[in-house]
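Going down the list, the protein sequences come from chains A and B. Per our numbering, the first sequence starts with residue 7, numbered consecutively. Per our numbering, the second sequence starts with residue 6, numbered consecutively.
Don't take each hint at face value.
To be verified - Computed list of lysine to aspartate or glutamate pairs in EDC-like fashion (alpha-carbon distance at most 16 Å, straight line):
1. K285(B) / E236(B)
2. K91(A) / E141(A)
3. K139(B) / E210(B)
4. K140(A) / E211(B)
5. K140(A) / E210(B)
6. K242(B) / E210(B)
As the list claims (entries may be wrong) - What follows is a list of derived Cβ distance ranges for each label pair:
7. I54(B) / Y139(A): 37 to 47 Å
8. V132(A) / E120(B): 51 to 61 Å
9. E29(B) / R39(A): 25 to 35 Å
10. S214(B) / F143(A): 39 to 49 Å
11. A140(B) / G36(A): 49 to 59 Å
12. D121(A) / G219(B): 43 to 53 Å
13. G146(A) / S87(B): 27 to 37 Å
14. K137(A) / P326(B): 47 to 57 Å
15. G146(A) / E29(B): 25 to 35 Å
16. L25(A) / E163(B): 38 to 48 Å
17. F143(A) / E102(B): 36 to 46 Å
18. A210(A) / E72(B): 18 to 28 Å
Said to hold, decoys possible - Derived list of chain B stretches under chain A, where covered just means 3 residues or more per stretch with a C-beta under 8 Å from a C-beta of chain A:
19. 39-49
20. 142-155
21. 199-208
Just so you know, these hints were derived from the structure itself, not from any lab. Each residue gets a CB set at the ideal place from its N, CA and C atoms; glycine is no exception.
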Amino acid sequence: MFVSNFMSSPVKTVGPETLVSEAREIMTAGKFRHLPVTDNNDLLLGIITDRDIRSALPSALMGENKKSEDLPGIATLPVSRIMTKVVTSLSVESTLDDALILFGENKVGALPVIDEENRLVGILAVRDLLKAYKELFGLGERGSSLIAVRDDNKPKPLTRLTEVLEARQVPFTRLIRTDTDEGGNLIYIRVHTYNLSAIHHALAEAGFEPIAPILN
Amino acid sequence: MSTSKAFVHISHHRYREHETGGGEHPEIQARLEEINQRLQGLADFCKIISRESLSAERHWLLNIHNEDYLLRFEETALSGVSYFGHPDNQLCYDTYEIALLAAGAGLNGIDMVEENPADVIFCSVRPPGHHAEKAMALGFCFLNNVAIAARYWQEKYERKRIAIIDFDAHHGNGTQAAFEESSEVFYISVHEHPTFSFPGTGYAEEHGSGPGLGATMNIPLLPGAGDIEVEKAFSRKIEPALNDFKPDAMLIGAGFDGHRLDDMSGLAYSSSLYNHLGRKISALAERHCEGRLVSILEGGYHLPSLGESFSEYCSGLLQLP
Numbered sequence: 007m008f009v010s011n012f013m014s015s016p017v018k019t020v021g022p023e024t025l026v027s028e029a030r031e032i033m034t035a036g037k038f039r040h041l042p043v044t045d046n047n048d049l050l051l052g053i054i055t056d057r058d059i060r061s062a063l064p065s066a067l068m069g070e071n072k073k074s075e076d077l078p079g080i081a082t083l084p085v086s087r088i089m090t091k092v093v094t095s096l097s098v099e100s101t102l103d104d105a106l107i108l109f110g111e112n113k114v115g116a117l118p119v120i121d122e123e124n125r126l127v128g129i130l131a132v133r134d135l136l137k138a139y140k141e142l143f144g145l146g147e148r149g150s151s152l153i154a155v156r157d158d159n160k161p162k163p164l165t166r167l168t169e170v171l172e173a174r175q176v177p178f179t180r181l182i183r184t185d186t187d188e189g190g191n192l193i194y195i196r197v198h199t200y201n202l203s204a205i206h207h208a209l210a211e212a213g214f215e216p217i218a219p220i221l222n
Numbered sequence: 006m007s008t009s010k011a012f013v014h015i016s017h018h019r020y021r022e023h024e025t026g027g028g029e030h031p032e033i034q035a036r037l038e039e040i041n042q043r044l045q046g047l048a049d050f051c052k053i054i055s056r057e058s059l060s061a062e063r064h065w066l067l068n069i070h071n072e073d074y075l076l077r078f079e080e081t082a083l084s085g086v087s088y089f090g091h092p093d094n095q096l097c098y099d100t101y102e103i104a105l106l107a108a109g110a111g112l113n114g115i116d117m118v119e120e121n122p123a124d125v126i127f128c129s130v131r132p133p134g135h136h137a138e139k140a141m142a143l144g145f146c147f148l149n150n151v152a153i154a155a156r157y158w159q160e161k162y163e164r165k166r167i168a169i170i171d172f173d174a175h176h177g178n179g180t181q182a183a184f185e186e187s188s189e190v191f192y193i194s195v196h197e198h199p200t201f202s203f204p205g206t207g208y209a210e211e212h213g214s215g216p217g218l219g220a221t222m223n224i225p226l227l228p229g230a231g232d233i234e235v236e237k238a239f240s241r242k243i244e245p246a247l248n249d250f251k252p253d254a255m256l257i258g259a260g261f262d263g264h265r266l267d268d269m270s271g272l273a274y275s276s277s278l279y280n281h282l283g284r285k286i287s288a289l290a291e292r293h294c295e296g297r298l299v300s301i302l303e304g305g306y307h308l309p310s311l312g313e314s315f316s317e318y319c320s321g322l323l324q325l326p
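Construct the complete structure from the given sequences, taking the supplied hints into account.
So this is what it looks like as structure tokens:
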């Protein structure tokens, strides 16, 4: 559940004096859009993004003459002039929940991960988070699918439910119990078996009404 | 009301010896008995040629499965253990040999259709194949009969471009994986949506990878989907894709478990849908590859509807009025 398990590390970085034009080449070559800026001791100074560079460059719609006047100037700017200095970041102790919250609150596509001394140790992109949750939920695990049942509100529901599955030697790998105000709790299970119909019947007999996946 | 086409039915009496433990296991010999009874009905309309399959030779299997897997499969069967890998994959002492005969059926079918492309070929086999991967048995499949046949067709007869249409209710993860990176084998599957159905693969977003990008098409349907959804999928997606691909030969993963009475899926097809599919598939094969078409049984577990759907499908393939 820790971001450190899913982040990219080591990270490609640039120094504050690196020119904008060079930063752009690095991003294009590496096919990424976020480039942390660090000093010689890996201290995080800022972050420059593909969007920062595109905003700084003259518009593609400008006339040819104007472009060639501006370009040399911009090309020789150091990244420190256009980078974001106050960087939203994660710590080495952050969990996926922290990342989820930060991505939800901030319009960023990637979050640097720093240690207690503000040194850069990795970077977590939105894509990395999606991959982490995909693995967490078992998406695409061969032989599995998700079934949903309604909690019967009697004691020890999870014990009774797992007993049904274990009695039939049906492996299951994910169990999610939700807590809703209206309609009662739902329980989602990722089961690994071909015979879903038999599982639905067995769970229904044990008091867990299967929820049919119907679009509203 | 008959046709000059011959219907070639390839099967083997030893398939009945593959034991799946009894109890609730749906993949039983009675399925093939049901199909065999229906052959009588077809005989009123066309000539039936029945053939027993031969074992697939090892080098054809090695195109799809690795050596170590084949050894483990054989050892497990001979050891007396009741399942291989997962309790769903029930087997018995003879299962390995029987699986070789099942894999061989498709190869024999290909030999026959190459000799007489006008004939209609159906291989009634068990155990089924489309969930079996290179080194993994799954969903009571051990050897991937359709995948093995596809590579055989490419190598022995140099039919480079093979289209596989899999209309079993479950995604054929094994067949897709075998040709994930191949641009020459186009795998098309219409199945119950993977979020709600075994084996949890076959999302619409999967299109193949590397050189095979664009040569995989998945059409997942929500539980409750029926004939109309499949007909639309066929006319709007599958036919246009095949018109672009222009196959040299076609293989069909013919599973009948999408029927509404079949408990193994939440799909709600009728038996007459399979007649529609038979006609469409036969027409596509005539249009693109001179009728080079072989159908191989996958799933289908509710016996009466399996039998009825099989009859309808074959009548469709024969283009009986």
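Where does the structure disagree with the numbered hints, that is, which hint numbers, in rising order? Checked against the structure, the hints that fail are numbers 2, 3, 7, 9, 10, 11, 16, 18, 19, while the rest are satisfied.
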